[in-house]
Structures are given as structure tokens and as C-alpha cells.
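Taken in order, these protein sequences are the chains called B and Y. Using my numbering, the letters of the first sequence map in sequence onto residues 1 to 339. Using my numbering, the letters of the second sequence map in sequence onto residues 1 to 339.
Some clues are possibly wrong.
[Claimed, not checked] Below, computed lysine-lysine pairings styled on PhoX-like, alpha-carbon distance capped at 25 Å: (1) Y:LYS216 to B:LYS59; (2) Y:LYS203 to Y:LYS192; (3) B:LYS216 to Y:LYS59; (4) B:LYS59 to Y:LYS209; (5) Y:LYS337 to Y:LYS327; (6) Y:LYS203 to B:LYS209.
To be clear, the hints were calculated from the coordinates, so they are not data collected in a lab.
Protein chains: 2
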Amino acid sequence: MATINRQILLVSRPQAEPSVDNFKLVETPLPELADGQVLVRNHYLSLDPYMRGRMSEAKSYAQPQPLNEVMIGGTVGEVVASKNAHFAVGDKVVGMGGWQEFQLVDGNQRGVLQKVDTTHVPLSAYLGAVGMPGVTGWYGLTQIIAPKAGETVVVSAASGAVGGAVGQLAKARGCRAVGLAGGQEKCDYVVKELGFDACIDYKQHKDLKSLSMALKEACPNGIDGYFENVGGMILDAVMMRANAFSRIAMCGMIAGYNGEPIPMQYPQLILVNRMKVEGFIVSEHMELWPQALKELGTAVATGKLKYRETVSQGIASAPEAFLGLLKGKNFGKQLVKLV
Amino acid sequence: MATINRQILLVSRPQAEPSVDNFKLVETPLPELADGQVLVRNHYLSLDPYMRGRMSEAKSYAQPQPLNEVMIGGTVGEVVASKNAHFAVGDKVVGMGGWQEFQLVDGNQRGVLQKVDTTHVPLSAYLGAVGMPGVTGWYGLTQIIAPKAGETVVVSAASGAVGGAVGQLAKARGCRAVGLAGGQEKCDYVVKELGFDACIDYKQHKDLKSLSMALKEACPNGIDGYFENVGGMILDAVMMRANAFSRIAMCGMIAGYNGEPIPMQYPQLILVNRMKVEGFIVSEHMELWPQALKELGTAVATGKLKYRETVSQGIASAPEAFLGLLKGKNFGKQLVKLV
Numbered sequence: 001m002a003t004i005n006r007q008i009l010l011v012s013r014p015q016a017e018p019s020v021d022n023f024k025l026v027e028t029p030l031p032e033l034a035d036g037q038v039l040v041r042n043h044y045l046s047l048d049p050y051m052r053g054r055m056s057e058a059k060s061y062a063q064p065q066p067l068n069e070v071m072i073g074g075t076v077g078e079v080v081a082s083k084n085a086h087f088a089v090g091d092k093v094v095g096m097g098g099w100q101e102f103q104l105v106d107g108n109q110r111g112v113l114q115k116v117d118t119t120h121v122p123l124s125a126y127l128g129a130v131g132m133p134g135v136t137g138w139y140g141l142t143q144i145i146a147p148k149a150g151e152t153v154v155v156s157a158a159s160g161a162v163g164g165a166v167g168q169l170a171k172a173r174g175c176r177a178v179g180l181a182g183g184q185e186k187c188d189y190v191v192k193e194l195g196f197d198a199c200i201d202y203k204q205h206k207d208l209k210s211l212s213m214a215l216k217e218a219c220p221n222g223i224d225g226y227f228e229n230v231g232g233m234i235l236d237a238v239m240m241r242a243n244a245f246s247r248i249a250m251c252g253m254i255a256g257y258n259g260e261p262i263p264m265q266y267p268q269l270i271l272v273n274r275m276k277v278e279g280f281i282v283s284e285h286m287e288l289w290p291q292a293l294k295e296l297g298t299a300v301a302t303g304k305l306k307y308r309e310t311v312s313q314g315i316a317s318a319p320e321a322f323l324g325l326l327k328g329k330n331f332g333k334q335l336v337k338l339v
Numbered sequence: 001m002a003t004i005n006r007q008i009l010l011v012s013r014p015q016a017e018p019s020v021d022n023f024k025l026v027e028t029p030l031p032e033l034a035d036g037q038v039l040v041r042n043h044y045l046s047l048d049p050y051m052r053g054r055m056s057e058a059k060s061y062a063q064p065q066p067l068n069e070v071m072i073g074g075t076v077g078e079v080v081a082s083k084n085a086h087f088a089v090g091d092k093v094v095g096m097g098g099w100q101e102f103q104l105v106d107g108n109q110r111g112v113l114q115k116v117d118t119t120h121v122p123l124s125a126y127l128g129a130v131g132m133p134g135v136t137g138w139y140g141l142t143q144i145i146a147p148k149a150g151e152t153v154v155v156s157a158a159s160g161a162v163g164g165a166v167g168q169l170a171k172a173r174g175c176r177a178v179g180l181a182g183g184q185e186k187c188d189y190v191v192k193e194l195g196f197d198a199c200i201d202y203k204q205h206k207d208l209k210s211l212s213m214a215l216k217e218a219c220p221n222g223i224d225g226y227f228e229n230v231g232g233m234i235l236d237a238v239m240m241r242a243n244a245f246s247r248i249a250m251c252g253m254i255a256g257y258n259g260e261p262i263p264m265q266y267p268q269l270i271l272v273n274r275m276k277v278e279g280f281i282v283s284e285h286m287e288l289w290p291q292a293l294k295e296l297g298t299a300v301a302t303g304k305l306k307y308r309e310t311v312s313q314g315i316a317s318a319p320e321a322f323l324g325l326l327k328g329k330n331f332g333k334q335l336v337k338l339v
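Using the sequences and the hints given, assemble the complete structure.
Pasting the structure below:
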């Protein structure tokens, strides 16, 4: 039985770009279990763009990550000790375990741990396609874009955990799915493995006109729905090709996460095209998670929803892997393997 | 019986700011009535910001106004001759008569003329509070902003035909109504006559910070709904004070009508605040006009919905009056009196 928990704390806030110095690895003794508590050995830690927001103190939808505490993060793992009748040793669970090898939680606190079935779905998928990123894609697509068959749906960061789900779910609804990704390898994957109709390597387009022309070619009938993970020039280019009554689901704007200005150049297009632009946070719509997870779980189990993972090894690798994620160095869902 | 119709044609398109030279007054003989036709003497011509868009060839929601034809525009008037059983001499009607003294129409064409009752509502009001501008305000407020009692609703161009309706309808729904208008006189009118809770003279605020601070003061509980007629810096300032789950109804962006850049500086606020930003064109929602007109007509007839008119005299005055409207020189609904 392990007695030491290795954890990563946020110890300072980035001024612009974050660095590994914002984080610190510490070793903490594991306490004895009290009644009702459950000890989970985290197998995988999920790294997600939203964490960049939590590192800053700027006003946002969530409280900032407190300094000198374990970084927030989704985890999947296995119960290794339990003084709670609802959880048995060996149970596989998903939760918000944070950047650490073990989590000790009150198993009676509602929703803190969810048991998951790994018969047909791999444990790590509960952090990706059948977890928060998958539900995020599902929500923005089905609740905001709400596409009809035959419409064209575009998504940025298309090879990522969220973007990949958006495009595949759109295809399943009879839409044309067009991705934007960084680099030919990712674009090839998006089209050949995920089944998108087209994918644009945004790195090949240095200005708005060029990117807008590429979108015109990839979307001959214009754009009816756009799932936004990036912001900046990509958003402007999409808006220039947006159809009347098109919908934009605003999920992330990673282009501005370090404080870069990312103005929307032509907001008048919202009026001219009678567009709807709507921001959302998936954790505010928990009532829809069961419906979303059912579709996503079935699609993964039957091989209809594909995904890729980039896995870094060991808790100490998390800061470096996270910085890479913010620069698009990962390919698909970024995970840290802890056992 | 008059035999000459004086008309104003669009004869050239503006490069940036429009001028009176874009228009030309012509005299045209009135033809004999054919069977089914109705001759209307237009009493008032409505001047509206949307006409600026029609003067340009740029892609928009409507076809450009063709050159060398009578300018498009809403009118109210009286039937002076009729070869149509549905219309009698003396009937008061509203229609899209254009910038001219008479209109000769096929009375059988559905919706081309609507008879109106001037017992309790003045004829000119059917071009303003009980017409397209009133319905525009009603639609954006009730269908997009959809405010709850106690919420704060902000509207730009608050002393205008649309803005005045938005604020008064918001007040009737138990909201705090805050206007933005140009100059102290308009602001006084908005608060003292229309009953808004506050009105900000945007001309007193030359930068974003100053305007944003003024909004903070006028909206101590933040902003839940914004009805946008203007765009540019005002939109940015409102977004900086927007609450979580706030809604923006995009109706007009007069700040950019001459091609000025009007970027939205902080689109990430849409995400951070989970906002909904939606553009609309009221003529695409005809199914709701009867409901809107019923509320608006009753409110005007009972003195609960107030408005002001700026009336220029004679068809020849229309171009100058229109250019003044675009610069905010009017006070309330801009009309041209034709008889």
C-alpha cells in the first residue's frame, strides 16, 4: 500500500504564456481513511484548455485555481481502499481528482465519483469521447448549432477531443463536416480516420482572405454551423462564409488565452446574416449529460465514434504536456498516465 | 384630381457617406387606373436607417435598391381613387409606397396595402410605434432578450422610434430600462417622458473605459439584455458590463453603415459570460406582427407607449432629412409629411 501521494500544485500565475515554473511537484503522505472515505488510485489525468483560464485571476465563469493547491483536473482511476458501502476496491471511477496520483474523497458527497463500466469502453475514454470533451461537443452541436441534415458544420481544433466528436456527430446527423486543424498530419487524420468531408490546415493560410477562400472551397454551400474552439482570424474567416440563420457555438477561444487581442472584425455579419452566436459551459448543463453520454458511449463501443490520445507518462510530465496542449502539440485527447 | 406624381429616385450609390446627390426628384404623370388598382395619396413617408443599407451594393439580407427607381420606404396615406372592391375612397392605409406622393397599386396583391383604424391611433403612428419600428423593438425585446422582471435591459438610440419602444416595453415587463442617446436633451426626454430609469449621453464619453464606467453606474446589477442599434464602442462597453446568460438582440449597427471598421473588441466575453448574440430582421417574422401590433396599438391608444416625431415638410425634403437621420439629427421617429 502506497503511503506517498505525488501532487502538482499551481504556485504562481502566468503573466502571459504559462511556463513549467508556475507548477511544483510535491510529495504528501497519504492519511488514514476516515469513515465514508474512498481512496482512488488515479490512472489517467485529463489535460484540457479550460485549465489555462483557471491559472489566471481574470474574471471568468469559474473561480481561479487557488495558489499552492493541487491543480484541478478530471481523472479516471480505481478504488484501492474504501470505508464507504457504495464503493468497493476495484471499482473503476471518474471524478475531478486533480493533478495527483491518489485522491481521497468523501464517497457520500453526491457526484464526486461516478462508477463507470469498462466492458466496452476503455477507462481513458471517460476523460475524452465519453467524458467532458465528448459532452462538450455534443452539447454545442445538438443544443446550439442544432443542424439539419444537409447543412454544413465547421469545427476548429478538429483533431482534438472536442472537435473530433463534433464532426463525427454532425456526420451521423447527415451533415457535411469540415474541420480546421494545424498541419497536414492532423488534417489527414480528420478526413481519413474520423470521416470528415474536408479539413483545412490553417497553418497554410496566413491571412484572412486566404483562409476565407479555403473555407469557400471546402464549404460550397456556405457554413450553417460553427463550433468555435479557437477564436481570432479563424472566427472571422468562418463568419465571412456564414449562411443566413447560421449558428456559432462558442466553446473556447484558445487564441486569446494569454491575453492576446482577438477582436471579431465584422460583428455586423451577425446582423446581415441573422446569426446566433452563443457561449456555453458544459458543466452548467448537467441535466443533459446522461442523454449525451448514452449516445457517446454507444458510438464509442460500436466503433462509430473514433478518437486518438496523446499520453504522457507520469505525474511529473503533466506541466510540460499541458504547455504542449496549449500550443497544439498534442494529437487528439491529451492525457497523463499515472500508473 | 392630381395628375403629377413627384418621386425621388436613387440615381447613384454612395462611396462612403451618402449625399443628396445620390437622389433625384422627378415628376411623373399619373396613369389611369386599371381594374383592381388603387390610387393612394401618401400622407407620410417613413425614413429609417435600413435604407442606408439598400443604397449600397454590398451583400446584405435584402437586394440593393435598384438605381433610377423610386426609393423604397414605408408610407401611410388615404385612398383617393379605387377600381377595387376591397378599398374605398377615404380608406386609411399603410404600405410600402416609397419616396413619392402617390402610389398606384394592385389592391388584390396580398399585403400590399393594410387598412388601419385611426380612431384612437394617429395615422403617422402606423409608421412608428404601431408600425415596423415598434414591432422591431417588440420582437428583439420579447423574442431574443426575453427579459424577466427585475432584469436590466439597455438599448442604444433610445430616443428613436425603435429604442423608445424597447425601453417602454421593458419597463412594462418590470425591468430596469437604461438608454443610450446622443445629447442631454434626448436623454432628458428618454427618462422624463418615456420613463426609462436612466439614460447615458454617449457623446460625453470619448473612450471605452469612460462609457463602461457610466454603464456600471446606470446598471448597478449589470446588464441582462441589450438591444443594439448602433455598434462600435457602445457594444464593447455594454459587453464589459454584461451578466452571465445575458442576451444581445442585434438590430442595427449604424456606426458601420458607411464602411467604418467596427470590430467587437472582446468576443471572448460571449464565452466567459455565456451570452447569446442574435441578429434579426423583423420582416422575416410576419407571423408575430399581429400579436406585436395588438400590444403596441393598445399601448399607444391608452397613452402608455409614448413617442416623438420629427417631421420634415414635402417630398423634396426627404433626402436631407434622411441624411440627418443617419447622423442622429432627428428626435424620435423621422417622417416626411407629404400633404
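Earlier hints that do not hold, by number: 6
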